[in-house]
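Produce the entire structure from the sequences given, and follow the hints as far as they go.
As given, the protein sequences belong to chains A and B, one line each in that order. So the first sequence is numbered by our numbering: it starts at 1 and just counts up by one. So the second sequence is numbered by our numbering: it starts at 10001 and just counts up by one.
Because the hints were derived from the structure by calculation, they are not lab data. Here the structure is a predicted model, which means the values were calculated and not measured. Accuracy of the hints is not assured; some may be wrong.
[Stated by the list, open to error] Using C-beta positions, here's what the derived DEER-type ranges look like: (1) 10456(B) <-> 59(A): 17 to 25 Å; (2) 531(A) <-> 10784(B): 13 to 21 Å; (3) 10081(B) <-> 33(A): 56 to 64 Å; (4) 10910(B) <-> 212(A): 58 to 66 Å; (5) 142(A) <-> 10404(B): 49 to 57 Å; (6) 33(A) <-> 10567(B): 29 to 37 Å; (7) 213(A) <-> 10462(B): 54 to 62 Å; (8) 451(A) <-> 10567(B): 55 to 63 Å.
We treat Cβ as the ideally placed atom computed from N, Cα and C, and that holds for glycine.
Okay, here's what each chain looks like letter by letter:
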Amino acid sequence: MKNIYIALILVTGLLFTQCESLLEVNAENAVSGDVLQTEADFENYLTGTYYNFCGISDRAGSGGELIGGDFVIIPELLTRVQSSLIAYNEFSWQAVRADEGYNDFINKDIFKTNGRVESNWLRAYETINQCNHLLNNIDRLEGTVKDRIQGEALAIRGILYFEMAQLWGPQYHDGSDSYLDQFLDPTDDLPAVIIRTEPVGSVNDIETITEADVNTLGEVYDQAQLDLETAAGLLEPGDASGNSRLTHYACKAYLAKLHLQKREFADAADYADDVISGPYSLVASPMQAFNNTVNSSEDIFAIQQTIANNTGDNTSGGGLTAFYSSLTESGLGVYRHQRSALYDTTNLYNSPFYSTSDLRGTVDEGLDSSSVNTDLNNAYYVSIADFDDDRICTSKYTSGQYVLPVVRLAEMYLIRAEATYAEFYPAVNLTQQVIDDINAIRTRAGISALDLSDFTGNEDVFLDTLMMERTREFMHEGMLLEDLKRWGDLIGAKGGSNTEFDPWDASEFENPLDETAEFMLRLPIPQAERDTWGN
Amino acid sequence: MRRLFTALLCTLILNLGFAQEFTVSGTVTDSETNEPLGGVLVKLSVGDGSTYTDLEGAFKLSVSDGYENLILSLDGYNSETIFINGQSQLKISLAKSASSSKAQTTASQLNADDLGTQPVVELEQATQGRAAGVFVQNSGGRLGQGTKVRIRGGSSLSGSNDPLYVVDGVPLTSDNQSDIDPSTIESMEILKDASATALYGSRAANGVVLITTKKGKSGKLKADIEYQFGVNQLMKKLDMMDKQDYEIMQFEYTMRSILNGLPSSAISGVSSLENSMTYDNMKLWYSEILAERAEAIENGNQNFSYTFPVGNAQISSMSKDNPIFRYEYDTDWQDQAFRTGISNRANVNLSGGSNKQKLYANFNYLSQEGILINNKYDRLGGRLNWNSNWSDKLRTNVSVGFAKTDNNRVNEDADDGNPVQTVLLPPGDESDPDNFYILRVRSSEYNPETEVYNSLNFETSTRMNGSAALDYNFAENLVFHLDGGLDYMDVRDERVQGPPTQVGAPDGYSRLGTSEVFNYLVNGTLNYSLEMGDNTLNALVGASYQNSNSIFTYREYRVNSINDLESVNEDLLPNGPITGSAFAFASTFASIGYNISDKYDVEVTARMDGSSRFGQNNRVGVFPAASFGWTLSNESFLKGISAISFLKLNASYGVLGNTPYDDFLYRMNYYWVKYGTDLGYRFGNLQNEDLRWESTNQMDLSLDFGILDNRVSGSVSYYQKTTTDLILPKPISMTSGFRTGVDNIGEMTNSGFEFAVNTVNVEKGDFSWRTSFNISSFNIEVTDLGGQRFISGPSAFLEGEAPGVFYLSEYLGVNSATGEAQYSNTLGLPTSDYNTAQAARAPLGNPNPKLFGGMSNSLSFKGFDLNFMFQFVQGVDAYWETGEIIANSGYNQYNQVVDQNERWFVPGDEAPYPVMNTAATSTNPSSRWLVDASYIRLKSLTLSYSLPTALVQKMKLSNFSIYVGGQNLFTFSDYPGYDPDVSSTADGASAFAANINRGIDYFTAPQPKVYTTGIKIGF
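So, in structure tokens, the structure goes:
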């Protein structure tokens, strides 16, 4: 019988072994639960936040490249015209090599079900959520590390809210700008996107959203501004060249962009001035600003890429290199610019009208399918995907292994020029510094310097000159949309027709997605998002 | 060995010590074969006396007076209790135990003979058609790449629906069962109902396959060797267009492109031909054009011209080198992709031992060439089983299996480089072996051969599973059982795509993945039985713990060899370390059974299952089950009916839990990613700390019967299952950073009938004929998805429909005026606008069969045995996605099956297939390719001859037989593709994908037709 007792004790022992500890298992390399514990965790978390923010491709085809892709491509497509009439055609788009969602931007009719809108919406909030997790736990750190990580997380969140306000919202107008008043009702109270500042970690934390929870454009701009200002205060000024992270100056550069877009010109000029007096310098020629293995001296913020980790190339199928490059080894050659649209067309708005001496408009001829990015010497090259002499590709983004400039010092010069000039608009303020700023960009591009006297008595015309310079300098960088919105200008000929296209007029749209008349090329809140909302 | 003998000696001495006045002796034989049985435990029902039979089956035992009960027991045989009744000489025979006689089991039993000679790589394939309620679907003719087994249709949508495989008591993970050589299997038992599976708990929600490997038999060392030679062939060729048909199609493609406004070559005025473009006319024009071209070449001209006999159409200055007139070759691409494969298989079984120590060893080798080029599978395996009866109290059992495989794989169905895709190439073209197998005419186009011959796709694995068990009888009615098992797997997957391939350009692309799985478990039970007159009480308490841990590594880079890949600096690789997998189960269970007079059985089981896949609050689930059995044939009112030998009614009800497929959904998880060269965390999923078990309620009724002296026996069952709390992704606001979060939503139901019968048709002298037949049906439906729909390709989960229902635009034939394909729009009216029709997708087909089963016959006459098995599946739909490419009116100039010659050509044609659409940018999936995949197949046939015993003994052998046979010899089916028994799923697809995408054939290779011959010799 003794044996029985032993057995019973054994079995009872086994019964009680079902304690929690036996079920506490973990997987190799797992990062789970409340991971923000050590300084190293915060650093890793922040790096992962940059990964999302920069739109590094996950090669799963899910898209959402944000500032590393669609936040450039989408505005570029929205402002360019595709027409079967050559005279009105700016570019060709090889639709079969790209997500079909891009066609909506070319057609200027954006469906709520658009997959690109959805994937960027999603990844922006994924990034913001990571920022919020960092910020919510930031008190676990202390000292300079805390300030830096908090500053960078705020900067990322601020930039995303600013970019989302621009894409999902109309031109900001609070009714105090007499220029915008001419054609735009105030927009600051219009719903734009949703502001999230608290982290979400559990499915059970999600509260039902209703239409009323969508924040107004004014609120979103305010949040962006607050985040960037706080970040600029937390991040130390100092030498930032070669830095792959957001810095004090990057925050100020974005604040300059933000105030410029709100037409708060005095603030814009001040911030641009701060950045220009920082540690950056213009590179000698426009070509040197791109295709670098490390940040150039004029990169205020640039995305770090490697051959295996980048925003997209010929193997992953998304991102700037994949679309803009037609080099066999690096891109898919989706976007080819109509050569004539760069130099001489009279039927198109917004052409850069490059002169023959402009280094930003030169073309490499005679490449072949074995050509690689190091063979390129000029701003453009004849498209390798089809060797059609009329179709040319930009040399700005030729390989996924180079850093991808996001904010360059050149932009700060042109912001300072514009903001100073337009500070009291419609009264103009054309000073020698404005002329010097624009000349800094012109002369390194190989075109003539302007003289203040050129505009004597004719100061109004300078605005067109300035905007033209922005168009030339930032071709294919997706900046035209904000310029057009800021100044209420027209896009050009609408696809398939030769009439000019007024984005300020909702009746122009075949599928007006917004009930309000201020649709104006905004991206819609995705249908899949709205489907999860309550009433 | 020394210790072993010491133990033997001890037992012997022990027995001698109890010598008393009366000695009973006897022999024990097998009731069927009359062969002596060694190693039978013979013990007195009262007191300590016991012994084992020797090799001749003889035993001697001292007893007190000769009026006592002897209990005889041997693994695999029914125990017998014999009243000595004063006799000193006994002759006793033991009958092999049939399926477990427990009341509650709804089990299907397969024994070694069912599995033995089939040339299958995976043992899952061997079960096809042999067990009621078990639906087996092959993933095709690619070797070693998985087979789907669904017992009673599955019970989850997002979780695994694979049954649990238990080898000698060790539940396996990670498909390890596939590498168990069928020749080492003694028997397989398939448990299906809730109470039978209650012992295995949550892991058993999809049924359990219990595999018992062969054990040593006492006696002198016996060796069996078997060698098998097989020839694998393509069972069916598709009837593809020949060179001429293809060229006319290509010619039409060029002309219709011009009609569709695509860039014109040198053909003008085509619109004037539009109404004359019949097949015959085009054939005529094309032959005349070729004649013009030949003449130009003869005259040394570069160009030629042609004026069409109708309209104003002309070809002027066409280059003689224009590809569409340059198809100079005649290739049967199926001959390029498929080949005759040779397979060799050998195994050696060694068995022997003493009464108390038995050893079994197996070594097996398999080398199989697939029917697809470059596809080869080699396996070297072995197994060692050691059973010991240390005393009548202590028994141990050790089992170790080992397998090493090398697999030259074929790329997945939808991937570039799947050789089956060669069917889409033009028959007038040819691969150039001296130029990377690039096509000679259409040199810039994809050629699967280029991919195959310039790539490496190699997997090598090492797998082991072992277990050790001990049983200790504390007392006659109290048995303690303890076992532990370990299951280990190490897989290395190498892929290189060379520079000439699509993905490999320009520098090559290499990928290397490794995985290592460690899975161990311990089980302990204490079993108490008590006899009270005619009644027996059985009680069992137990606990089990399983822990599984997997480690994965993965790297990829643009290099052209695995060596180069391995030396790439870690910093440069995309992303960071891959998260492994880990889970643990801890369970306690208890059951009480009560049997009254062998008439009524009641058993109640309760389990507590803890799983690491849930958060603290919901880790443990409680799952009860109860069963009741009524052996009617033991009732007096049936005793008189001689026709009924056995009749038993079983009923059971139970609840089982199912865990999610992913390990840690209850908590937040992060991926390792890289920004620049820095590693970082990317949020992977939101946590759901409230996630709880999916639970399946299952009711089962069955009747087991044996009539006419058990000449006819079988069972019929009915079951009903409802699974609630299905774990599924739920859409959430994307402002959380995620589209979905997992939650318990949804419900599905399933009910079905199963019928199995075994008959002895003739048993006369040397001739016998036996038949087994089974047929099953089930009706499975997703009843609730919380209002959601899940759509994946042509398949869907929809409320009110079967899981994986085909959800497609409905194809309504051809508009005879325009030739366009028509589809049903939202109002059910025909439209040619596919996009409108796409919005009107409807559930149109079911990948779950209405009926399936099999019939096997076994005839023997003297030394001859003939076994053949038919297997059938009826009322099942498949989506022949291959048809989108090769049966789509010449889509994208791909070669077509020959019936596409009946496409629409000119207005008024009442054609079964639409006009060629050169402007199509999508294949437009629709019910056009939804087909009936019912079939009846002669799955296996074996004729064997065993030499007569006398002759064999003269040769100093124990047996000698030879056989010839085959597999998949005939198939009766209307299926348009290669093989109706396929389902293409990408390797490594999630459980969700595997559950939703079923019955889809996208360039899926057919199973081979196999001819085998073999020899078995026993020493």
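Outcome of the hint check:
Between residue 10456(B) and residue 59(A) the beta carbons are some 21 Å apart, a value that agrees with the proposed interval 17 to 25 Å. With their beta carbons about 19 Å apart, residue 531(A) and residue 10784(B) fall inside the hinted range of 13 to 21 Å. Range check, residue 10081(B) to residue 33(A): about 59 Å between beta-carbon atoms, so the 56 to 64 Å window is met. Between residue 10910(B) and residue 212(A) the beta carbons are some 59 Å apart, a value that agrees with the proposed interval 58 to 66 Å.
The hinted range of 49 to 57 Å is satisfied by residue 142(A) and residue 10404(B), whose Cβ atoms lie roughly 55 Å apart. In this structure the hint that residue 33(A) and residue 10567(B) lie 29 to 37 Å apart at CB holds, the actual value being about 36 Å. Taken as a hint, the range 54 to 62 Å holds for the pair residue 213(A) and residue 10462(B), whose Cβ atoms sit roughly 56 Å apart. A beta carbon spacing of about 60 Å between residue 451(A) and residue 10567(B) agrees with the range 55 to 63 Å that was offered as a hint.
Violation of the numbered hints given earlier is absent; every hint is satisfied by the structure.
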